[in-house]
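Given next are the chains, with one letter for each unit.
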Amino acid sequence: MNAVSAPETIDPQESAVICRNIHKRFGGRKVLDDVSLSIPKGAVLGLIGSNGAGKTTLMRILVGLLMPESGSAMLLGEPALQMTDASKTRLGYVPQQPDALNWMTVESMLQFVGSFYPRWDSEYMWNCLMRWNIPPSQGLAKLSPGERQRVALIRVLASCPELLILDEPASALDPVARRDFLREIALRAGEAGMTVLFSTHIVSDLERVASHVCFLHEGRLLLDTAMDDLKETHARLSLSREAAVGLSKPLPGEIARRRRPDGGVSIVLTRRGLAPWPSAATASGGTLEAMNLEDLFIEITDQPGAAWFLK
Amino acid sequence: MTRWMRIVGGAFYGTQVLTATLVLIFGGWAAAAEIYATIVWARGSSGFAGIALAGLNVVCSWLLVFHLAGFMRDLRELRVPQHGQLLVGALIGMFALLFVAPCVLVWSLHGGTRDIVMVAMGSVAGTAGALLWQRRARARKVPGARVSAAAPAFVHVQRPNPWRAVRIALGSPYAPASWQRRVLELASLCAAIAVLPILVLLYRSSMNPRGFTIVFYVAQVVGFVPGIALCWLWPLRRLIGIFNARGGALTELALLPGLGGGRQQLRRLLLVALSLPALGLAALLIIALRLIALEHPPNIGYTKVAVTFLLIALVTVPAVLGQIAKPRATVAWFAVMIGQIWWCTYLTWLIPWDMAHRLPVLWLWLTVALVLAVLMVPIGMSIHSLRKILQRPHPFVETSA
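Chains A and B are the protein sequences, given in the same order. Per my numbering, the very first residue in the first sequence carries number 1; after that it's consecutive. Per my numbering, the very first residue in the second sequence carries number 1; after that it's consecutive.
Heads up, some of the hints might be wrong.
Simulated pairs of lysine to any residue, SDA-like, Cα-Cα distance not exceeding 25 Å [to be verified]:
(1) Lys142(A) x Arg167(B)
(2) Lys41(A) x Ala254(B)
(3) Lys326(B) x Lys41(A)
(4) Lys142(A) x Gly70(B)
(5) Lys142(A) x Lys326(B)
(6) Lys326(B) x Ser70(A)
Treat the hints as calculated values from the structure; they're not laboratory data. Computed from a prediction, not measured in an experiment: that's the story for all the values here.
Isolated chain A (complex conformation):
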């Protein structure tokens, strides 16, 4: 199932998050441009994009912390801006810089927050604190950014949410903590059916746990795909300088084109399911090769105005 779907075809009962035609500007600069997204329940959606692509803005709109200029966001079947307490207990959100209540100690903050959640898992909280060697009596403000991020992750995971929204959750974690965290996410998604939306720059993290991936670039959602289908539905057509001369128009299914330093051209192509690749691609004399996520990210984002290819 695709993460991004046409809004009218989405079943609200099947989706944990639905947003339709979201537009947002900051000071005249378009940050989100007609973003529509739906995340099916139980999916782990990795949102990937370069700096300033609009990932944080989209997430803040999804959890109802930012008001879009137009469009709507629904979370767990309710408008994001008018969430009820019942929905709030089912939601976990970690911002990029978790500075909340940083005048408290780790323990007092977790206990304070935990008192609001009926399903608060205190045992899990203490186990995590021990495993990650975080002193409970330490003030949050005195923790390192990585430790603060760990505490924020403990806070949301201990509340046993049904929907987890994480804004670059592993950016400040060391490899061991990151592996622990990703394992936890995969476990919870697999066993408890938790829906996860997380943004990241680290492609390997995404490959490890995400069931779906979305590319956000210059405020537009460029593509969405299930991770399993990625290699089958996307390919890179490499053309020599001579072969590229005759290919001035975009090929069918072309989503990005990049000129290589040797004068050749790399074209990213997509197709629906296992449909054959466009004949123009195979006839051009170039080579078609499967792509991993990192290649795809570089090919798509390493060019200005990539968003226009999907229009």
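Fit chain B to the known structure of chain A by using the hints.
Leaving out everything else, chain B in the frame of chain A:
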């Protein structure tokens, strides 16, 4: 020797806290000693002044030993060569400051043996308290003892009621705190207000009467500056911090279940956030009026004080609401708005209010109209910002574009 001088100098001037502490201690001692000497001279016995002196010595000893312990820790961590000799020197200096100097001072002021013993006991108590505090702090920070091996049994913390939750989220000074902390805060506030006038009183003998009166008035006014900063501006800064911090406490409050709807939260937040500074400002106003009353001024004096405090509120509230309504407004704008307090204060005191009797009626009404028009600016700004805030579906939702 030069290296030692550098180390000691660094310890003193590297952290302004230590320097400020020493200034406070010496100022406090000088003030207490003068009061003590006056009482001993007037009554022949010290009475309560001896106990007060001993109490002051507890605080001074606590502060000095606390800093000394920090200094020793730094020396160990920095692995300064020959730090042993330096430590011995520091300990001798501390002994002289904590025990010898206070006892000699009391003795030189013709204090009795009982007072000397009490002051020495005060030093012992303060030293013991500081050492215990240090030990407790160290125990908390031992890396091996960070988290106990076994997870503590789950104690379900009672969910705080929404009012209390807002106070907790706002942090100090709103957050619930122990009575010891409250007493300490109150004492700090009193000290901040009173330290300057007390210092002026101490040096009264070296000034002529007219000079003393002017300096004393200035000291009283300046003494209120930290009072207003602590009681009024600091709590309001906390409120702004809640709204300004991207991904900060506002996120926490907005997504915490059980705190009610948006309007409810906004009302609760504003009530909690404004009640404390309002109470603080009212308390300062009462103190100021009581101080004025000691001099039996004409009624206009009371009016001027009241108007000054009213202007403080009128100038700061629009700045605060403006920051909440549009969190990305520059800090400089906020500083300029807050800076108007002093300008308004000076204006209030410089304008000859009795001029109103001499003005023609038309001019009088024109002046009144002008003043009202000027007052409408901050009131209008407040209403405008408040309307913007109320337009939000939730108090913590950002709407700015």
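Hints, verified against the model:
no.: 1; hint: Lys142(A) x Arg167(B); result: 22 Å, holds
no.: 2; hint: Lys41(A) x Ala254(B); result: 24 Å, holds
no.: 3; hint: Lys326(B) x Lys41(A); result: 36 Å, violated
no.: 4; hint: Lys142(A) x Gly70(B); result: 18 Å, holds
no.: 5; hint: Lys142(A) x Lys326(B); result: 29 Å, violated
no.: 6; hint: Lys326(B) x Ser70(A); result: 20 Å, holds
In the structure shown, a violation is registered for the earlier hints numbered 3, 5, in ascending order.
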